[in-house]
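Undergrad: Sequence:
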Amino acid sequence: MVLDLDLFRVDKGGDPEVIRSNEIKRFRGTKRVDLVLEADENWRKVTMVDGFDGERGSIVAGGRGYFLKGPLVFLEQAIINLALQMLDERGYTPLYTPFFMRKEVMRAVAQLSQFDEELYKVTGRRELIATTNHELQANENEEEEKYLIATSEQPIAAFHQDEWLPIDQLPIKYAGISTCFRQEVGSHGRDTRGIFRVHQFEKVEQFCITSPHDNLSWEMFDHMICNAEAFHQALKLPYRVVSIVSGELNNAASMKYDLEGWFPGSGAFRELVSCSNCLDYQSRRLAIRFGQTKKMNKSVEYVHMLNATMCATTRVICAILENYQTEHGIIVPDVLKSFMPKKYQKFIPFKGHEDKIPVSIDDVPETIHNSSNTKFHDETSFNELNAKISNLTGATESGLVSAISQISEVQKRIEDTLNTLSLVTTNNHVEKDVRDKKCAVVHPVEDSVEDKNDLEVENKDTIDNESVSLQSTTPEPTDSKKKRKKKPKKKQSD
1 MVLDLDLFRV DKGGDPEVIR SNEIKRFRGT KRVDLVLEAD ENWRKVTMVD GFDGERGSIV
61 AGGRGYFLKG PLVFLEQAII NLALQMLDER GYTPLYTPFF MRKEVMRAVA QLSQFDEELY
121 KVTGRRELIA TTNHELQANE NEEEEKYLIA TSEQPIAAFH QDEWLPIDQL PIKYAGISTC
181 FRQEVGSHGR DTRGIFRVHQ FEKVEQFCIT SPHDNLSWEM FDHMICNAEA FHQALKLPYR
241 VVSIVSGELN NAASMKYDLE GWFPGSGAFR ELVSCSNCLD YQSRRLAIRF GQTKKMNKSV
301 EYVHMLNATM CATTRVICAI LENYQTEHGI IVPDVLKSFM PKKYQKFIPF KGHEDKIPVS
361 IDDVPETIHN SSNTKFHDET SFNELNAKIS NLTGATESGL VSAISQISEV QKRIEDTLNT
421 LSLVTTNNHV EKDVRDKKCA VVHPVEDSVE DKNDLEVENK DTIDNESVSL QSTTPEPTDS
481 KKKRKKKPKK KQSD
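Its first residue numbered 1, the sequence shown is counted upward by one per residue in full-length UniProt numbering.
Derived by calculation from the structure, the hints in this document are not laboratory data. Some clues are possibly wrong.
[Unchecked claim] Once the Cα atoms are required to be at most 25 Å apart in a straight line, the calculated DSS-like pairs of lysine-lysine come out as:
hint, residue 1, residue 2
1, Lys146, Lys236
2, Lys69, Lys351
3, Lys69, Lys337
[Claimed, not checked] Label pairs and their in silico Cβ distance ranges:
hint, residue 1, residue 2, range
4, Ala268, Asp355, 41 to 47 Å
5, Asp355, Arg107, 55 to 61 Å
6, Lys69, Lys346, 36 to 42 Å
7, Pro341, Asn251, 43 to 49 Å
Using N, Cα and C, we set each Cβ at its ideal position, and we do this for glycine too.
Hey, can you work out the whole structure from these sequences and the hints?
TA: Structure representation (structure tokens):
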């Protein structure tokens with residue numbers, strides 16, 4: 001039987017909530033590096049901290065090859081450790097996956113376009129291999145084709161191939177960790193400098209298997225994107241969550257959310273996380289069935305499978321380099337300090353700036369939002385202005401002149417701050433109401449009072465008075481079952 005590869009498109013019975021254009025679902029703002037200095041792009045910073053050698057990497061490995069070294073090696077390991085720790089606290093089982101997959105197995109989990117544009121193929125002499133019925137076959141005269149994995153999602157999806165999963169074993173939650181290999185054929189000419197888009201990188205992946213009933217996979221979808229948000233909130237990185245238009249979805253995904261981080265150096269949001277609910281698309285191809293056996297069910301049902309990035313290390317490093325930069329180096333985020341060696345526990349200096357006193361991120365003025373005129377204000381200057389106005393009562397004429405002069409100076413400082421804090425966003429359609437589901441952060445980040453307020457940003461220059469809702473750190477989840485209508489089961493033979 002040949003499966004319809006477009007089974008989950010909207011016009012084929014896919015999720016009706018997949019919209020016709022990208023929609024911004026949530027926005028999370030934090031302190032702005034722009035207050036410290038004119039932001040620089042991450043590809044410059046990797047060399048300034050002496051943590052990257054692309055020239056030697058290209059000689060050894062070809063285009064986009066690189067050596068990560070020194071402080072960035074420690075930073076990468078700290079990011080991985082934080083991600084694994086957070087997922088472990090949420091009940092995920094760590095799974096270190098193979099880097100190679102047999103062609104017939106990869107064909108079941110990968111899209112046809114991936115074979116052409118993404119996957120690396122390797123060949124070798126065929127050895128003893130396990131067949132689907134677990135017998136051993138040997139043919140030393142044949143060459144065997146294997147593929148390097150592009151994400152740990154691929155081998156984890158096949159982990160339970162040809163198995164029955166009873167309801168008492170579900171949900172199953174894996175924290176996959178692996179090196180990922182991608183050709184990036186379709187990205188020729190983009191991000192050729194630095195480590196944002198490379199052929200090899202480390203990634204921690206969420207992979208979950210749920211019952212096909214009671215919208216449990218959609219509840220898991222909510223929790224998985226929220227786990228990714230909690231990770232980036234812990235790092236205090238600005239981000240937004242975007243629902244991806246149906247035309248950009250691959251064959252497997254019924255719905256996909258991207259988490260895009262803010263990069264002040266390039267003045268843009270860029271993808272850090274992808275979260276997809278594939279329903280039973282993958283499980284049908286891999287024969288991963290729901291229940292005990294076919295005899296105990298009237299018809300064969302298949303489990304639902306979901307995947308979401310927790311962190312792709314090189315991209316998270318880039319986001320940290322841009323958002324935590326100072327004129328003398330990079331401040332290490334608080335949550336990573338316990339994973340860093342002593343000499344890099346608080347600060348990673350630029351080359352030639354090792355003797356400079358690090359600037360604390362706490363020295364960066366906190367930004368708050370005044371909803372009456374939809375502009376950012378420097379809280380310190382604003383309070384100072386109010387204090388000076390209060391002191392005018394009973395003042396002499398000469399005192400009034402002096403106070404007015406001082407107030408003018410404070411007003412100028414506020415205007416300068418407003419100009420610095422203008423936030424660049426895309427001109428995508430912005431949804432005014434947040435999706436019915438909201439994140440429940442199991443371990444909320446310790447933020448300031450201002451960070452926990454519900455904020456609302458308006459950028460008149462770029463999105464024509466459309467607003468972006470800034471959500472609090474720990475919004476309460478809503479019941480996904482009430483918001484989603486159950487879809488009728490698709491009739492399909494085993």
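Undergrad: Looking at the structure, which of the earlier hints fail to hold?
TA: 1, 4, 6
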